[in-house]
Amino acid sequence: MSPDVAELEQISAADFFYRNRSLAGFDNPVRATYTAVRELVENALDACELAGRPPKVMLTLENVGGGQSDGTSIYLLRVRDNGIGLRPEDVPAAFGKVFVSSKYRLMQSRGTFGLGGTMALLYGQITTNRPFKVISGRKGSPLYEFTMKIDIQRNEPVILGKRILAGVSRDSMTTVEFYFEGNYKRARPKIIDYLHQTAIVTPYADIMFIDPDGLFFYFSRTTDQIPPPPKETKFHPKGIDFELLKRLSETTRTRKLVSFLTTHFQRVGDKTAREILKRAGLSPDLNPKKLDDRQLEFLFRALVSYDNYLPPDPSVLSPLGPELWEEGIRKELRPEFVKAVQRPPAVVEGHPVIVETAIAYGGDIKPAGEVQLYRFANRIPLLYDVSSDVSYLVAKRINWSVYGIKSLEEEPIALFFHVVSTKVPFKTVGKEFIANKPELAREVELGWRACARDLRIYLSRKRRAQSAARRLEMLARYYKLIAEVLEELTGERPEVEPLLKKLAKKARIEESMGVIGGASES
Amino acid sequence: MPARADRAESLEEVRQRILEVAERVAEALEKGEFPKIRYPPNSKGNIEFREDVGYIFRPKTFSEIEGSKVKSAKTLAGVLYGLAKALDHLQSGLTMTKRDFYYLHKVERLKGTLFPEDQRETDARIVLMELILGMPREAFSITSDPRGWIYGDIELVDMTGRTIRADRVGEMGYSVPPRPENIKFKRIGVKAVVAVEKVGPAKNMIELGIPEEYKLGIAILKGQASRSMRRFLRMLSDEGVPIAILTDFSPWSLRIAATVVYNSISSAHIPDLAAPEARFIGIIAEDIETGFFKDYQFALEPLTPADLKAAMDNVDLPNLQHPFWQRENEWFLKNKKKAELEIFKAMSPSAKRLKELFVSYLREKLEDRLGVSI
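Just so you know, the sequences run in chain order W and P.
The opening residue of the first sequence carries number 1 in my numbering; numbering runs sequentially from there.
The opening residue of the second sequence carries number 1 in my numbering; numbering runs sequentially from there.
No wet-lab data here; the hints were simulated from the structure.
Be aware that one or more of the hints could be misleading.
Said to hold, decoys possible - Below, in silico cross-link-like pairs of lysine to any residue (SDA-like), each with a Cα-Cα straight-line distance of 25 Å or less:
hint: 1; chain 1: W; residue 1: K505; chain 2: P; residue 2: K36
hint: 2; chain 1: W; residue 1: K289; chain 2: W; residue 2: D241
hint: 3; chain 1: W; residue 1: K505; chain 2: P; residue 2: L128
hint: 4; chain 1: W; residue 1: K480; chain 2: P; residue 2: S68
hint: 5; chain 1: P; residue 1: K111; chain 2: W; residue 2: G491
hint: 6; chain 1: P; residue 1: K36; chain 2: W; residue 2: E495
hint: 7; chain 1: W; residue 1: K506; chain 2: P; residue 2: T97
hint: 8; chain 1: W; residue 1: K502; chain 2: P; residue 2: T75
hint: 9; chain 1: W; residue 1: K480; chain 2: P; residue 2: I256
hint: 10; chain 1: W; residue 1: K480; chain 2: P; residue 2: E27
hint: 11; chain 1: W; residue 1: K431; chain 2: W; residue 2: G404
hint: 12; chain 1: P; residue 1: K36; chain 2: W; residue 2: R471
hint: 13; chain 1: P; residue 1: K74; chain 2: W; residue 2: K149
Stated by the list, open to error - Each pair of labels, with its calculated beta carbon distance range:
hint: 14; chain 1: W; residue 1: E488; chain 2: P; residue 2: R363; range: 52 to 62 Å
hint: 15; chain 1: P; residue 1: S43; chain 2: W; residue 2: E488; range: 30 to 40 Å
hint: 16; chain 1: P; residue 1: E239; chain 2: W; residue 2: K506; range: 53 to 63 Å
hint: 17; chain 1: W; residue 1: E488; chain 2: P; residue 2: V157; range: 43 to 53 Å
hint: 18; chain 1: W; residue 1: R442; chain 2: P; residue 2: Q119; range: 52 to 62 Å
Ideal placement from N, C-alpha and C gives every residue a C-beta, glycine not left out.
Assemble the whole structure, with the sequences as input and the hints as a guide.
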C-alpha cells in the first residue's frame with residue numbers, strides 16, 4: 001500500500017523531506033517564509049495548549065542581509081512561547097530529528113505533517129548552512145541554550161554547543177531561532193493574514209510580531225478560557241490503513257490476536273474481536289507478531305469491512321466551542337452580529353469529525369465583491385485554494401436570500417468554517433482545502449443554516465427598527481407641513497410636537513422590545 | 001338620490017367647508033391625537049347604475065384617512081395643502097387647471113414630502129378633495145380647460161350678468177364655461193339640441209345655416225364631453241329641451257354617447273352630470289346595414305387594435321349593458337369596421353347636397369328617437 005514509507009525509512013526521514021521540500025511548503029523563498037512562520041507559531045500554540053495555559057507567542061523576523069535582486073534575503077526568525085518548556089535531555093530529539101510520526105495514538109493536533117517546526121529548521125540549514133538555537137527551560141529549573149544542526153543523511157541531531165543561561169528559570173518558556181533564506185516583502189500579506197486569522201480561531205492567545213521593517217503587530221487575547229484539551233484515544237478500526245496495522249502488529253506487546261484487537265482499537269470488545277477474527281478466518285490465539293502478509297491482509301479486510309462498530313469516540317477532538325469562536329471573530333473583525341454553531345460529532349472515513357460554523361455580519365466587515373470565507377482545520381487557518389473547498393461549494397449552493405441576504409458578494413457578511421478531526425480530509429498534498437465529502441458538506445450546510453436563521457432574525461429586527469426610524473422621520477416631516485398648512489388655512493398653528501413625542505416614545509419601546517428578544521410582531 | 005345642485009356652491013359655503021375640515025384636523029392635533037378624516041370613496045360598491053338615471057353615487061361604506069401611518073399622513077398633508085391652495089385661489093377669484101395644481105406641488109418647499117412624481121398623483125388628490133368636501137372640483141376653483149360650445153337660438157345670462165345669445169357669439173357659438181351652474185336661461189328658441197362629437201361636421205351644419213333654418217341648437221363636444229358640457233346639457237334637458245347625440249359609429253363613440261346619457265364611473269360622485277332624457281340618434285349599425293348609409297359601405301374604416309380593445313372592454317361596462325348598446329357593440333366585434341361622421345362628405349358631390357343629406361338624416365332621426373319634427 002505504501003512503498004514510499006518503506007523506502008523512506010531506508011533513506012532517512014530528513015533526507016526524504018530534503019528531497020521533497022515542496023510538499024511541505026518550502027518550494028520558493030516567499031512560500032518558505034510564510035511556512036516557516038506558520039510552522040513555528042503552530043508549534044508554539046500547541047505547546048502552550050498542552051500545558052493548559054493561554055499562549056503568549058512572540059515572533060521577531062530580522063533581515064540580516066545577503067539580499068538578492070529578486071528580494072530574497074537571509075532572515076533570522078525568533079519564536080518564543082510560554083509553553084511547558086522542555087527538559088534538556090529532550091531538546092535534541094524534539095528539534096534535531098525529523099520524525100516519521102506514526103504515533104501509535106490518535107489525537108487532534110495542529111501540525112500539518114506531525115513534524116512541528118523541524119522542517120523549517122531543516123530548510124534554514126539547507127539554505128544558509130547556519131546552525132539553529134533552542135533556549136528552553138521549566139519554571140524553577142535551569143534555562144539551557146542549545147546550538148544545533150541536523151545530520152540530514154543520518155537524521156540525527158548534532159549538538160554544537162550547550163550552555164546554561166540561567167540557573168533558575170523564572171518561567172517556563174521555549175525560544176527557537178534560526179536563519180533561513182526567504183522573501184518577507186512578498187510573503188508579508190499572507191503572514192499578516194495568517195496571524196490575523198489565527199487570532200480569530202485562538203482568542204485566548206497573545207500573538208506579537210515584530211517584522212523586519214520594525215513594525216509591531218499585536219493580536220491580543222480577550223479571554224483566558226482555553227478549550228478543553230483533546231484526549232488521546234486508540235484508533236477506530238474504520239480509520240486505519242494496512243501499513244498502520246502492520247506496524248501495530250510488529251510492535252505490540254500482546255501475545256494473542258484477540259487481545260491485540262481489544263488493546264489497540266477502540267470500539268472493539270472481546271465479542272467483536274472474535275467475530276472479526278472468525279470472518280478473517282484467523283484463530284484468536286495466533287501471535288500477532290508472527291502473522292504473514294496474507295494473514296495480515298485477511299485481518300485488515302475483516303477489520304475494515306465490519307459494520308457494527310460504534311462510531312469513533314469524539315472525545316479526541318477539541319472544538320473551539322461557539323462562545324470562544326464568537327469571541328475570536330468579534331475581537332478581530334468587530335462585526336455587529338456574530339453567531340457560531342458547533343455541530344454534533346460525525347464520522348468521515350473512519351475518523352471523528354466536528355464541524356463548527358459561524359456567520360458574522362456588518363460592523364467592520366464590508367462588502368468585498370467576493371465571498372468572504374474563513375476556513376480553519378484543527379485551528380489552523382487555510383489561506384489557499386478557497387474555491388475548491390467543500391465549504392465554498394456549500395456557500396455557493398445555499399439560497400441565502402431565504403435568510404435576508406441577497407448576495408454574499410455584495411453584502412457585509414463573512415462565513416466561517418472550522419473542521420476538527422484526527423484526520424482532516426484534505427484533498428491534496430498541499431493541505432490547503434478540504435475535500436467535498438457529502439457527510440462533511442452536510443455538516444457545513446446544517447451549521448451555516450443554523451447560524452443564518454439567527455442572522456435572519458437579527459436582520460429583520462434591524463430592518464424593522466430602521467424602517468420604524470424612517471417612518472418616524474417621515475411622519476415628523478408630514479406633521480410639520482400639516483401644521484404650516486393649517487396655519488395658512490386657519491391663521492393658527494396647532495402644536496404637533498406632543499404627538500411627535502408620543503410617536504417617538506412608542507417607537508423606542510417597540511425597538512427595545514425587539515432587541516431584548518422574542519417580541520413576535522405579525 | 002343626492003340633492004340636485006340647482007346652483008353653484010357660494011364662495012362662502014366652500015370656504016366654510018374647507019375650514020371645517022382644517023379645524024377638525026387641528027383639534028385632534030391639539031389633543032395629541034392622530035387626526036382622522038372620514039369620506040365616502042368612489043369605489044364600485046358606492047356606485048349604482050340605473051338605466052333611467054345613469055350612475056348614482058350612493059355611499060354605503062366610508063373610508064378613513066388615519067394619520068398614524070406615513071402614507072395616510074402624506075395624504076392628509078396633501079389634502080390640506082391642496083385645500084389651502086384652493087382657498088387662496090378662490091378668495092383671489094383665480095381658477096386653476098389640473099396641470100396648475102400639479103405645478104403648485106412642484107415647489108422647493110415640498111421637496112421630500114409632497115413633491116409629486118407625476119401628475120397622476122395630484123389628479124388623484126383632486127378626486128379625494130371632491131369626495132371629502134362633497135363638491136365638484138370646479139366649486140373649489142379647479143377647472144378643466146373649457147371644452148364644448150353651444151350654437152343656436154338660446155338666450156342666457158351668464159355669471160357676469162351679461163345676456164348672451166348663443167347664435168350671436170362667434171362662429172362656433174357660446175363657449176360653455178367651467179361652472180355652467182351659474183348660467184340662467186332666459187329664452188330657448190330651439191326645438192332640440194344636437195350634441196355632435198366632432199367639430200368638423202358640427203361647424204359644417206352651422207355654416208350651412210341649419211340651426212337658423214330648422215330651429216336647432218348644435219352642441220359641439222369635441223370628443224368625450226367635458227364635465228361642464230355634460231352639466232350644461234343636463235341643464236338644457238331639465239328645461240325640457242330634447243337632446244340628441246350624434247357621434248361616429250365606433251366603440252369609443254358608444255362610450256361618448258353613453259357618458260352624456262348616464263355619466264361615467266370616474267365622475268359618478270358628481271351629481272347632475274347625466275342627461276337620461278337625451279337620446280343617442282346615430283350613427284348606429286342599422287344606418288350602415290339597411291338605412292341611410294347602406295350604399296356607402298365602401299367608405300367604412302377598419303377598426304384599429306385600440307378600437308377593437310375598446311369594443312371588447314365595452315362588453316363589461318355597466319352603462320352599456322342595455323341590449324341596444326350591446327347589439328351595437330357586437331357589430332364592431334363581428335365586422336371590425338367603423339364609420340365616421342365625415343362619411344357625409346363621401347356621399348355629397350356639392351355643398352348643397354351635403355345640407356340636404358344632413359337635414360334628411362336629422363329629420364328622420366329626431367322624429368324617430370325624440371318625436372321632434374323639423
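Hints, verified against the model:
1. W:K505 - P:K36: Satisfied, since the Cα-Cα distance of roughly 21 Å is no more than 25 Å.
2. W:K289 - W:D241: With Cα atoms ~17 Å apart, W:K289 and W:D241 stay inside 25 Å; holds.
3. W:K505 - P:L128: Violated, because 32 Å separates the two Cα atoms, which is more than 25 Å.
4. W:K480 - P:S68: It holds: about 14 Å lies between the C-alpha atoms, which stays within 25 Å.
5. P:K111 - W:G491: With Cα atoms ~24 Å apart, P:K111 and W:G491 stay inside 25 Å; holds.
6. P:K36 - W:E495: 16 Å, holds
7. W:K506 - P:T97: 42 Å, violated
8. W:K502 - P:T75: 21 Å, holds
9. W:K480 - P:I256: 45 Å, violated
10. W:K480 - P:E27: This hinted pair holds, its Cα atoms lying about 15 Å apart.
11. W:K431 - W:G404: 34 Å, violated
12. P:K36 - W:R471: With Cα atoms ~18 Å apart, P:K36 and W:R471 stay inside 25 Å; holds.
13. P:K74 - W:K149: 83 Å, violated
14. W:E488 - P:R363: 52 to 62 Å: Taking Cβ atoms as reference, W:E488 and P:R363 lie about 59 Å apart, which means the hint holds.
15. P:S43 - W:E488: 30 to 40 Å: At 31 Å between Cβs, range holds.
16. P:E239 - W:K506: 53 to 63 Å: Holds, at about 60 Å.
17. W:E488 - P:V157: 43 to 53 Å: Since W:E488 and P:V157 have Cβ atoms about 36 Å apart, the given range 43 to 53 Å is violated.
18. W:R442 - P:Q119: 52 to 62 Å: Given about 58 Å between the Cβ atoms, the range holds.
Comparing the model with each earlier hint shows violations of hints 3, 7, 9, 11, 13, 17; every other hint is respected.
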